[in-house]
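There are 2 protein chains.
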Amino acid sequence: MTTNQLVQEINKKKSFLCIGLDVDLNKIPQHLLKEEDPIFAFNKAIIDATHYLCVAYKPNTAFYEAYGLKGWKALEKTINYLNEKYPEIFTIADAKRGDIGNTSTMYAKAFFEDLAFDSVTVAPYMGKDSVEPFLAFEDKHTIMLALTSNAGAFDFQTKTVEGKELYKQVLETSKTWENSENLMYVVGATKAEYFADIRQIIPDSFLLVPGVGAQGGNLQDVCKYGMNDSVGLLINSSRGIIYASSQEDFAQAAANKAEELQKEMALILNQ
Amino acid sequence: MTTNQLVQEINKKKSFLCIGLDVDLNKIPQHLLKEEDPIFAFNKAIIDATHYLCVAYKPNTAFYEAYGLKGWKALEKTINYLNEKYPEIFTIADAKRGDIGNTSTMYAKAFFEDLAFDSVTVAPYMGKDSVEPFLAFEDKHTIMLALTSNAGAFDFQTKTVEGKELYKQVLETSKTWENSENLMYVVGATKAEYFADIRQIIPDSFLLVPGVGAQGGNLQDVCKYGMNDSVGLLINSSRGIIYASSQEDFAQAAANKAEELQKEMALILNQ
Numbered sequence: 468m469t470t471n472q473l474v475q476e477i478n479k480k481k482s483f484l485c486i487g488l489d490v491d492l493n494k495i496p497q498h499l500l501k502e503e504d505p506i507f508a509f510n511k512a513i514i515d516a517t518h519y520l521c522v523a524y525k526p527n528t529a530f531y532e533a534y535g536l537k538g539w540k541a542l543e544k545t546i547n548y549l550n551e552k553y554p555e556i557f558t559i560a561d562a563k564r565g566d567i568g569n570t571s572t573m574y575a576k577a578f579f580e581d582l583a584f585d586s587v588t589v590a591p592y593m594g595k596d597s598v599e600p601f602l603a604f605e606d607k608h609t610i611m612l613a614l615t616s617n618a619g620a621f622d623f624q625t626k627t628v629e630g631k632e633l634y635k636q637v638l639e640t641s642k643t644w645e646n647s648e649n650l651m652y653v654v655g656a657t658k659a660e661y662f663a664d665i666r667q668i669i670p671d672s673f674l675l676v677p678g679v680g681a682q683g684g685n686l687q688d689v690c691k692y693g694m695n696d697s698v699g700l701l702i703n704s705s706r707g708i709i710y711a712s713s714q715e716d717f718a719q720a721a722a723n724k725a726e727e728l729q730k731e732m733a734l735i736l737n738q
Numbered sequence: 468m469t470t471n472q473l474v475q476e477i478n479k480k481k482s483f484l485c486i487g488l489d490v491d492l493n494k495i496p497q498h499l500l501k502e503e504d505p506i507f508a509f510n511k512a513i514i515d516a517t518h519y520l521c522v523a524y525k526p527n528t529a530f531y532e533a534y535g536l537k538g539w540k541a542l543e544k545t546i547n548y549l550n551e552k553y554p555e556i557f558t559i560a561d562a563k564r565g566d567i568g569n570t571s572t573m574y575a576k577a578f579f580e581d582l583a584f585d586s587v588t589v590a591p592y593m594g595k596d597s598v599e600p601f602l603a604f605e606d607k608h609t610i611m612l613a614l615t616s617n618a619g620a621f622d623f624q625t626k627t628v629e630g631k632e633l634y635k636q637v638l639e640t641s642k643t644w645e646n647s648e649n650l651m652y653v654v655g656a657t658k659a660e661y662f663a664d665i666r667q668i669i670p671d672s673f674l675l676v677p678g679v680g681a682q683g684g685n686l687q688d689v690c691k692y693g694m695n696d697s698v699g700l701l702i703n704s705s706r707g708i709i710y711a712s713s714q715e716d717f718a719q720a721a722a723n724k725a726e727e728l729q730k731e732m733a734l735i736l737n738q
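Going down the list, the protein sequences come from chains A and B.
Position 20 of the first sequence, counted from 1, bears residue number 487 in our numbering, the numbering being contiguous throughout.
Position 65 of the second sequence, counted from 1, bears residue number 532 in our numbering, the numbering being contiguous throughout.
Any given hint could be a false lead.
All copies of an identical chain are treated as equivalent in the list; a pair is satisfied when it fits inside any one copy or across any two copies.
Derived lysine to any residue pairs resembling SDA-like cross-links, with alpha carbons at most 20 Å apart [claimed, not checked]:
#  : residue 1 : residue 2
1  : K642      : F621
2  : K481      : G699
3  : K544      : A583
4  : K481      : T470
5  : K626      : D716
6  : K479      : N695
7  : K537      : D581
8  : K642      : L492
9  : K576      : P505
10 : K626      : W644
11 : K540      : K576
12 : K540      : E580
It is worth saying that the hints were derived from the structure and are not from the lab.
All chains, please: the whole structure from these sequences, using the hints.
As C-alpha cells, this is what we get:
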C-alpha cells in the first residue's frame, strides 16, 4: 500500500486509528477457548466489528510467538483474512526486528513476502545496514523505533549524543539512508511535548503513536504537536479497545470504544 | 543451564565455540530438499557431526521466520532435538527481541518456556523495562546487544553519550537492573581492540562474539583482550562452518571446520 492510499483512507473514514491485536488467551472471553483457533476467532470478530472505524491493525508478534506454532498459524490466518477481506486496511507487524544485513533481509521476507504485511516495526540500535534491507521493498513501510512510550525510553533514547538526544540522532541519521521515503517512526503518546521538535526533523513522515489510553497519553495533545498536512499520524490503541468487555458482547464493546476514538478524530480532522 | 555448568562444559571440551544455525534453503546441499523437513534434516546432521566440538548452538530466528509456519516448526524440532539428545549444550535463540514490559514477558515465554532455549538475544534501545522481564527467568540468560559486528554499529553504538560511547552506557546501565547476573552481552569480533575497555566495565560476564571468520574477526585478538578467569567467551561461527561444503559430505566438512577452531581454542585454553 502506498502512503497516498493510506492518507485517502484516513480522509474517507475520518479516522487515523490503528487497533493493536495483542491477543492474550488469559484476557479474551472464555467462551472463545472452545473454538478450534481461539486467537483467530477473537481477531476475526474484532476486525469484523471495527474495520470501518480504523485504518490499520497491528498484531504484536510477541503475543503470537508465545503460543508457538499455534500462535504463528493464528498470525498467518489473521493477516490473510485482512488482506482478502479488507485490502484497504494498512497492516503493521509489530515485531521490532533488526539484525545484520543478510539477516534483516530474511526478516523482511518473513513479514513482507511470507506474511504479506504492509509494514513492520524495527529497532535502530544496529544502524543503517540493519534497516536498509527492509527499506528496499517497494510499497512496503518500515516503522523504526524513535521515542517509545515506556519508562525505559529515558535510559538511552533521551540521553544527549553529540549535542542532541539519541532519538533525534536516530531520526536525522535515518533520513540519509537509501529509500528513506519508506520510513515511518514510532513515537509514544506519553511524550506529547516532544512532537514539536520531532516535526522539525521529519515534517512529512508518518508516526505510529502508541500509548493513548491505557498508558496515559492524550490524543488532543499528540494531534496539536504531531499532525501534519497529510495527517501523518496513526494512533494505536490495543487493550483499551480489544479488552473493553470479556463477555459475549466483546466485539460490540470494542467497536464502541473504537467509535469513541474515531469520533474524537473526526472532530480534530474537521477543525 | 547455569553459568557454572557452561564453564564446566567449556573446560571439558576445550572449546568455547558456538555454531550458528542460520539455515538458508538456497545454500544447503540440494539433495536435502527432497526431505520432508529440509531445514531440520540439515540441522540434525550438522549437530550430530559437531556437538562434541562446540558448547553452544545459535539458531537465528530470522532464517526460520522467513519460511513461515514450516520454518517455525523446524526451529521447534531443532531446539527439542538439542534438549533431548544433547542437554549439556547451551542453546541461544538469536532473536534480538525487545518491547514494553508486558510484551517482553510474552517474548520471554516464547523462547524460555514454549521453545525452552537457555538464552535469547535482546536489543537495548527500549531500556530497563524492556529487558528485565527476560532477566526474571531463573537459570535462563539474556544476551544483550552491546557492540555489534556490522558497519552500522558506528551509526549509534560508538557515538559519545554524556562522556562515553553509547555501548559503554548500555553496559554500565544494565549492571543496575534487577537480576543483572543473568545478563550476557553481544560484542563483535571485528572490534577486538574494544574488548579491553569492555572488560573494565563487565569483568565477569560472558560475551557472545560473532564475526570471527566470514566477517573478518581474529580469534587470537579477541581472546587476548576479552577472556577472563572463567573464559567468559562464546565465539560464534555460522556460515564458515555450516556451509563448508554444499555436497553430500557437508556435515563432515562442517565438523572439520569446527575442529580447526576447537583446536585453536584448546591451544589458547592450555596456555
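Going through the hints against the structure:
1. K642 x F621: between (23 Å within a copy, 16 Å between copies)
2. K481 x G699: within (13 Å within a copy, 57 Å between copies)
3. K544 x A583: Result: close within a single copy only, 11 Å intra versus 25 Å inter.
4. K481 x T470: within (16 Å within a copy, 56 Å between copies)
5. K626 x D716: Neither way: K626 and D716 sit 45 Å apart in one copy and 52 Å across, limit 20 Å.
6. K479 x N695: within (17 Å within a copy, 62 Å between copies)
7. K537 x D581: both (17 Å within a copy, 11 Å between copies)
8. K642 x L492: Neither, since 40 Å and 34 Å both go past 20 Å.
9. K576 x P505: between (27 Å within a copy, 19 Å between copies)
10. K626 x W644: This pair counts as between: shortest inter-copy Cα distance 18 Å, intra-copy 23 Å.
11. K540 x K576: Both. Shortest intra-copy (17 Å) and inter-copy (17 Å) distances satisfy the 20 Å Cα cut-off.
12. K540 x E580: Classified as both; 16 Å inside a copy, 18 Å across copies.
Of the numbered hints stated above, those contradicted by the structure are hints 5 and 8, listed in ascending order.
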